[in-house]
Each structure stands twice: as C-alpha cells, then as structure tokens.
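Enquirer: Sequence:
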Amino acid sequence: MKFSVLTLFPELFEQYLSQTILKRASDKDIINFNIVNIRDYARNKHSQMDDIPFGGGAGMVLKPEAYWNFFYENYEFYNNGNSKKPYVIFLSPQGKQLTHNKVTELSEKEEIVLISGRYEGLDQRVIDKFVDEEISIGDYVLSSGDLPSLVIMDSVIRIKEGVIKKESFETDSFYNGLLGFPQYTRPVEIDGYIVPEVLRSGNHAKIDEYRQFHSIEKTMKNRMDLFEKKLENIDEDLEFKKVYKKYLKNK
Numbered sequence: 008m009k010f011s012v013l014t015l016f017p018e019l020f021e022q023y024l025s026q027t028i029l030k031r032a033s034d035k036d037i038i039n040f041n042i043v044n045i046r047d048y049a050r051n052k053h054s055q056m057d058d059i060p061f062g063g064g065a066g067m068v069l070k071p072e073a074y075w076n077f078f079y080e081n082y083e084f085y086n087n088g089n090s091k092k093p094y095v096i097f098l099s100p101q102g103k104q105l106t107h108n109k110v111t112e113l114s115e116k117e118e119i120v121l122i123s124g125r126y127e128g129l130d131q132r133v134i135d136k137f138v139d140e141e142i143s144i145g146d147y148v149l150s151s152g153d154l155p156s157l158v159i160m161d162s163v164i165r166i167k168e169g170v171i172k173k174e175s176f177e178t179d180s181f182y183n184g185l186l187g188f189p190q191y192t193r194p195v196e197i198d199g200y201i202v203p204e205v206l207r208s209g210n211h212a213k214i215d216e217y218r219q220f221h222s223i224e225k226t227m228k229n230r231m232d233l234f235e236k237k238l239e240n241i242d243e244d245l246e247f248k249k250v251y252k253k254y255l256k257n258k
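When we follow this note's numbering, the leftmost residue of the sequence shown carries the number 8, and every step to the right adds one.
Note that these hints are calculated values from the structure, not bench results.
Wrong hints could be hidden among the right ones.
[Said to hold, decoys possible] Beta-carbon label-pair distances, calculated as ranges:
no.	residue 1	residue 2	range
1	Ser-90	Leu-154	30 to 36 Å
2	Asn-51	Leu-233	45 to 51 Å
3	Val-202	Ser-90	32 to 38 Å
4	Leu-154	Ser-33	16 to 22 Å
5	Phe-61	His-221	51 to 57 Å
6	Ser-25	Asn-81	22 to 28 Å
7	Ser-90	Glu-216	49 to 55 Å
8	Lys-109	Lys-30	22 to 28 Å
9	Glu-127	Ile-214	48 to 54 Å
[As the list claims (entries may be wrong)] With a cut-off of at most 30 Å between alpha-carbon atoms, the simulated DSS-like pairs for lysine-lysine come out as follows:
no.	residue 1	residue 2
10	Lys-103	Lys-52
11	Lys-252	Lys-236
12	Lys-258	Lys-228
13	Lys-173	Lys-225
14	Lys-172	Lys-258
15	Lys-103	Lys-173
16	Lys-91	Lys-116
17	Lys-70	Lys-136
18	Lys-136	Lys-228
19	Lys-103	Lys-9
20	Lys-136	Lys-237
21	Lys-70	Lys-172
22	Lys-213	Lys-256
23	Lys-249	Lys-109
24	Lys-103	Lys-236
25	Lys-109	Lys-70
26	Lys-253	Lys-228
27	Lys-167	Lys-225
28	Lys-30	Lys-173
29	Lys-167	Lys-30
30	Lys-35	Lys-167
31	Lys-52	Lys-70
32	Lys-9	Lys-172
33	Lys-249	Lys-172
34	Lys-253	Lys-173
35	Lys-256	Lys-109
36	Lys-236	Lys-213
37	Lys-256	Lys-237
38	Lys-213	Lys-253
39	Lys-109	Lys-52
40	Lys-9	Lys-136
Since this is a predicted model, take the numbers as computed values, not measurements.
Where is the CB? At the ideal position from N, CA and C, for every residue including glycine.
Taking the hints into account, I'd like the entire structure generated from these sequences.
Expert: Take a look at the structure:
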C-alpha cells in the first residue's frame, strides 16, 4: 500500500513517520510513503500557493495549478486513463467524519493520496476534478490538514496485516461497535487504588466477562449514540446479545 501526502510542510511528517509502528510498516515494505512538498509544483515566480478568494472574504485560498501539475505529471490515468487511479482524499472539516468502518475500508486501497488543506480552503476545482472523498476527523477546525493526514495514516496502517498482531487491535474501541474496556498494569496498588481482583485471578472466563461488562458500561456512559446503534443491530450479533442479556441479569 502507498500513501502520498500533498502538504506545504513536509517536515511535520518526518519525525512521526520514523516512529514505532509506522516505521515498522515501512521497514517491512507493507507501506510506502511519499511526502510531497506541493509548493514544488507551483511553478510560478515565487512558488505562490495561495491567493485571495473570488467574491471577497477573509483569508486566502490554495490555488489549483500545483495540484493539477502534480496529478498530471505523476499519474498516467489523468493523461490517457490507461493506468490505475489513486484514491484521493481531501482532509476537510466539511467532510464525512472518520469512523472505524471507514478506516477498515481505506485499508483495502492500493494507493491513497491525501491532500492537506491550509488557509481558508482549497480551490473547489481541485476537489471537483481529483478528490474522491472529503474526510473530517471531528467537528472542529485545525490550522491545516496535516494532523488529520497523520491520523488517517496511523489508523489505517496499524490494522494492515503484518503491522501489529491482530489480537492487539481486536480489543480496540470501535472494533466491535463498543468502546474498549479499562486496562491495568503493575503495580497492583497505588495510593489506595487497587487493580480489580478478577483481573489477577487467572480465570480467563471471568476476565472476559468483566471486560465485556465494563466495555458495555463505558460505552453507555461516554457514547450512548454508539450503544443505541449497537442495540439496533443486536439480533445480528448473537455473541453480543448473549453478553448483554447476562449483563442485564447481573445488574
């Protein structure tokens, strides 16, 4: 799988992409990164990337020419349609919100190009011509799309086969539609706070039950919207239905 990122600040990606899981994925050749300084494709006198918006208003807008140059110079698809088209994502607060299901869907793509926005936005013609999907990582605004681009890459890469053990992400929040259960490690006691006895019992059936029950409770407390969605589809998940009935009985 290949990720290309079109950014004005490639140095922001260098350190993060050299760390732990992402570096491991790169070293194993599971993922290839191409961090592009999109300013290199501006090709005007001062490599200018922004200009004032038509219609007036505050701020500046990213100009379209550099993006046109990048796609036409790097992908034959745009010249003759004879090669594969990359899947292009524009990171934008106006996009659809990122979810675990979307991360899983993106992990099946062969090549993804991420466009990191900046300033007041990106010329709409770039979106109309090249972008397959706009994605937001939440209902708030950041200074650029660089952090969201890293979020996309990190979330997708960690579930690629061979990057981390499957059982490591199967207990993640959202994997089964619920939030994750509480985690503990040594020491057993700190300042009067003690690790629950059941987790130290060695009884794996009881440990699984404890974790399942607390996953349900945490989801109900923090994300009732997720829990209600889980209940709507309860008949499609017989294992959850069994656990939830047992949870209600124990309450």
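Enquirer: Hints first: check each against the structure and report whether it holds.
Expert: Evaluated hints:
1. The given range of 30 to 36 Å is respected by Ser-90 and Leu-154, whose C-beta atoms sit roughly 31 Å from each other.
2. Our hint of 45 to 51 Å for Asn-51 and Leu-233 holds, since their Cβ atoms are close to 48 Å apart.
3. Look at Val-202 against Ser-90: about 56 Å separates their beta carbons, and that is not inside 32 to 38 Å.
4. Remark: the range hint 16 to 22 Å for Leu-154 to Ser-33 is upheld by a beta-carbon distance near 20 Å.
5. At about 54 Å, the beta-carbon gap between Phe-61 and His-221 stays in the expected band of 51 to 57 Å.
6. Hint check: Ser-25 to Asn-81, Cβ distance near 24 Å, so the stated range 22 to 28 Å holds.
7. At about 53 Å, the CB distance of Ser-90 to Glu-216 agrees with the hint of 49 to 55 Å.
8. Between Lys-109 and Lys-30 the Cβ separation comes to about 24 Å, which falls inside the hinted range of 22 to 28 Å.
9. In this structure, Glu-127 and Ile-214 meet the distance hint of 48 to 54 Å, their C-beta atoms being roughly 52 Å apart.
10. A hinted pair counts as satisfied when its Cα atoms are at most 30 Å apart, and Lys-103 with Lys-52 does not qualify at roughly 36 Å.
11. For the hint linking Lys-252 to Lys-236, the alpha-carbon distance of about 17 Å falls within 30 Å, and the restraint holds.
12. In summary, the hint linking Lys-258 to Lys-228 is supported, as the alpha carbons are separated by about 15 Å, within the 30 Å threshold.
13. Restraint check for Lys-173 and Lys-225: the C-alpha separation of about 23 Å stays at or below 30 Å, so the hint holds.
14. Note on Lys-172 and Lys-258: the hinted pairing is violated, with a Cα-Cα distance of about 34 Å set against a maximum of 30 Å.
15. Annotation: proposed proximity of Lys-103 to Lys-173 holds, straight-line Cα distance about 27 Å (limit 30 Å).
16. Restraint check: the Cα-Cα separation between Lys-91 and Lys-116 comes to about 11 Å, which is no more than 30 Å; the hinted pair holds.
17. Restraint check for Lys-70 and Lys-136: the C-alpha separation of about 14 Å stays at or below 30 Å, so the hint holds.
18. At most 30 Å may separate the alpha-carbon atoms for a hinted pair to count; Lys-136 and Lys-228 exceed this at roughly 43 Å.
19. About 22 Å separates the Cα atoms of Lys-103 and Lys-9, which keeps this hinted pair within 30 Å; it holds.
20. A hinted pair counts as satisfied when its Cα atoms are at most 30 Å apart, and Lys-136 with Lys-237 does not qualify at roughly 37 Å.
21. For the hint linking Lys-70 to Lys-172, the alpha-carbon distance of about 43 Å lies beyond 30 Å, and the restraint is violated.
22. Of the pairs offered as hints, the one joining Lys-213 and Lys-256 holds, with about 16 Å between alpha carbons and a cut-off of 30 Å not exceeded.
23. Among the hinted pairs, Lys-249 with Lys-109 is consistent with the structure: their alpha-carbon atoms are about 27 Å apart, no more than 30 Å.
24. Note on Lys-103 and Lys-236: the hinted pairing holds, with a Cα-Cα distance of about 18 Å set against a maximum of 30 Å.
25. In summary, the hint linking Lys-109 to Lys-70 is supported, as the alpha carbons are separated by about 29 Å, within the 30 Å threshold.
26. With a C-alpha separation of about 19 Å, the suggested pairing of Lys-253 with Lys-228 holds against the 30 Å cut-off.
27. Straight-line distance between C-alpha atoms of Lys-167 and Lys-225 comes to about 27 Å, which keeps the hinted pair within the 30 Å bound.
28. Taking the CA atoms of Lys-30 and Lys-173, the gap is about 18 Å. The hint holds against a cut of 30 Å.
29. Proposed proximity of Lys-167 and Lys-30 is supported: the alpha carbons are some 13 Å apart, at most 30 Å.
30. Using a Cα cut-off of 30 Å, the hinted pair Lys-35 and Lys-167 holds, with the two alpha carbons roughly 12 Å apart.
31. Distance check on the hinted pair: Lys-52 and Lys-70 sit about 14 Å apart at the alpha-carbon level, within 30 Å; holds.
32. Our distance criterion of 30 Å between C-alpha atoms is met by Lys-9 and Lys-172, whose separation comes to about 21 Å.
33. Simply put, Lys-249 and Lys-172 have alpha-carbon atoms about 27 Å apart, close enough for the 30 Å limit, and the pair holds.
34. Under the criterion of a C-alpha separation no larger than 30 Å, the hint pairing Lys-253 with Lys-173 is consistent with the structure, at around 27 Å.
35. Taking the CA atoms of Lys-256 and Lys-109, the gap is near 34 Å; set against the 30 Å cutoff, the hint is violated.
36. Restraint check: the Cα-Cα separation between Lys-236 and Lys-213 comes to about 27 Å, which is no more than 30 Å; the hinted pair holds.
37. Using a Cα cut-off of 30 Å, the hinted pair Lys-256 and Lys-237 holds, with the two alpha carbons roughly 18 Å apart.
38. Restraint check: the Cα-Cα separation between Lys-213 and Lys-253 comes to about 13 Å, which is no more than 30 Å; the hinted pair holds.
39. A hinted pair counts as satisfied when its Cα atoms are at most 30 Å apart, and Lys-109 with Lys-52 does not qualify at roughly 40 Å.
40. Pair hint Lys-9 plus Lys-136 holds up; C-alpha atoms about 21 Å apart against a cutoff of 30 Å.
Of the numbered hints stated above, those contradicted by the structure are hints 3, 10, 14, 18, 20, 21, 35 and 39, listed in ascending order.
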